[in-house]
Amino acid sequence: MYVAVKGGERAIAAAHQLLAEERRGDPAVPELSIAQIEQQMSLAVDRVMSEGALYDRDLAALAIKQARGDLVEAIFLIRAYRTTLPRLGYTLPIDTGRMAMRRRISATFKDVPGGQVLGPTFDYTHRLLDFTLAAEGANVSPPQQPSINNPAPIPPMPRVTDILAAEGILAPEVDIDAGDTIADLTREPLAFPADRDARLQALARADEGFLLGLGYSTQRGYGRSHPFAGEIRMGAVSVEIQPEELPFPIDIGEVELTECQMINQFKGTAETPPQFTRGYGLAFCQGERKAMAMALVDRSLRAAELGETADSPAQDAEFVLCHCDNLEASGFVQHLKLPHYVDFQAELGTLRTLRAERREAAE
Amino acid sequence: MREAGIKDDEIVRCRDGSPLSPAQAARRRWLAVLARASLAELEAIRGAIEGVIGDHAPPRLLRQPEIGMTMLRGRMGGTGQVFNFSEITMTRCTLQLADGRLGCAYMSGRKKNEARLAALIDALLQDPDHGERLIALAIDPLSAEQAARARQRVDKSAPTKVEFFTLVRGENPA
Chain A
1 MYVAVKGGER AIAAAHQLLA EERRGDPAVP ELSIAQIEQQ MSLAVDRVMS EGALYDRDLA
61 ALAIKQARGD LVEAIFLIRA YRTTLPRLGY TLPIDTGRMA MRRRISATFK DVPGGQVLGP
121 TFDYTHRLLD FTLAAEGANV SPPQQPSINN PAPIPPMPRV TDILAAEGIL APEVDIDAGD
181 TIADLTREPL AFPADRDARL QALARADEGF LLGLGYSTQR GYGRSHPFAG EIRMGAVSVE
241 IQPEELPFPI DIGEVELTEC QMINQFKGTA ETPPQFTRGY GLAFCQGERK AMAMALVDRS
301 LRAAELGETA DSPAQDAEFV LCHCDNLEAS GFVQHLKLPH YVDFQAELGT LRTLRAERRE
361 AAE
Chain B
1 MREAGIKDDE IVRCRDGSPL SPAQAARRRW LAVLARASLA ELEAIRGAIE GVIGDHAPPR
61 LLRQPEIGMT MLRGRMGGTG QVFNFSEITM TRCTLQLADG RLGCAYMSGR KKNEARLAAL
121 IDALLQDPDH GERLIALAID PLSAEQAARA RQRVDKSAPT KVEFFTLVRG ENPA
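Residue numbers (the working numbering), protein chains in the order written: chain A, 1 to 363; chain B, 1 to 174.
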């Protein structure tokens, strides 16, 4: 138990001053701008937006600067800030089939209709340190990709899973009109058993490292589900809302997203022939590792629904969803360093009594 | 032509299920263009419009520019049941011209000045006399530029299109 303490104001203020000084680092080194972080630490920004559960690049970049690059701390700052903003409504469901794609790959079909586009990826790099990036002052600009002047509109691109589902070989994802019953963790806390809508929302803001480890555990045999990356696509999707004062929906801009469609081991019942099952992952911008891990864990959490025995950690919704949020986890772990003097005194007293009793008994 | 990822008008429906009227489709289009415009671009559009219609009485703000969030919704597997994915910052503003025309702006991000200007432009574009001319003058060029920008971003990835080959194990047939 934590008991409130008083005092220490001067020390705390001084500690915060020291923190600000350390954040700035050596004044001889130029200070980072928000725009530099937003542009050149873009994958850190992506992660802070996904796990901070708020899409706003400038805010995420500011949080990273303030948190000295500690992304979990930056996520905390974003979650705290979002509580100060009013909720103005819900968007219409985004249509990832109309994504302006900058990357699209499939591990299941090499000749996927529309083709595979690698886009800006670390895949197939040699992971050798590039010392030209450290050539200070040399100002080496990367070669610009030739720009093609293509006036044609961006065509919608069918998903690999849509093609398989049309054949009936993959379980379909059908829009059942859930109306106002769609779970929203920002309004109602998580309750168990949690439906897939609540689970996906929790996974979308979950810690990438935690989901990555859990997803990995399913591949190593703890709740095996034989996944294939059916399709990963990344690009911009337009966001639409239905405003109160207009009779028609309007477009308010774009978000960049990565969507991962995992195709998993099949099963059939007496009524339905065997078909592949699915896991779904969605993350802001280029959060590809996160989207893949989320898809693996989404699928493993569907164990009960698909009639599988759920005996592994990644299949246990309560275990996964109660521990996947790094804000909650870091808060509870880190509260241990706050003063617990009264609590500890009580334990110390008990222990001293027990030891004294034992000593007396021995004499 | 689809601009900057905006949905084709044919598949968009009003709240009551009816298709959009030409006037509604036109307004939907310019609102999408304004939502993607920079402050400088919006200033230029206002300048171009006022060059045609001359001075107008200052609008009355019905809703001050307001920053908030909207909950972005996705679909399971891309096509299935709706779920709440994550929030996105959004700014909105509503105003009224002296003749009663209402202008509104909804745009992603925290952009109070942009929202106020976009709401004014939305009201001014609903001009019964000069509407079409104003759209051709102020919206069409920016719309084309936005479409080209979106296209260019996608086209940057075109040289990374990949052809994978599977190799046959063992001896290849002669």
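Worth double-checking, as some hints may not be accurate.
[Stated by the list, open to error] Dumping the calculated DSSO-like pairs for lysine-lysine here, alpha-carbon to alpha-carbon at most 30 Å: (1) A:K267 x A:K110; (2) B:K161 x A:K110; (3) A:K110 x B:K156; (4) B:K112 x A:K65; (5) A:K337 x A:K6; (6) A:K267 x A:K65.
Simulated from the structure, these hints should not be mistaken for laboratory data.
For clarity, every value in this text was computed on a predicted model and none was experimentally measured.
Are the Cα positions of A:K267 and A:K110 separated by 30 Å at most? holds, 25 Å
Is B:K112 within 30 Å of A:K65, Cα to Cα? holds, 24 Å
Satisfaction of hint between A:K110 and B:K161, Cα-Cα up to 30 Å: holds, 12 Å
Take the C-alpha atoms of A:K110 and B:K156, compute the straight-line distance between them, and say whether it is at most 30 Å. Measuring from Cα to Cα gives roughly 21 Å; hence the hint holds.
Taking 30 Å as the top limit, are the C-alpha atoms of A:K337 and A:K6 close enough? holds, 16 Å
Next pair to validate is A:K267 with A:K65; report whether the Cα-Cα distance is within 30 Å. The given pair, whose Cα atoms are some 49 Å apart, is violated under the 30 Å limit.
In the structure shown, a violation is registered for the earlier hint numbered 6 alone.
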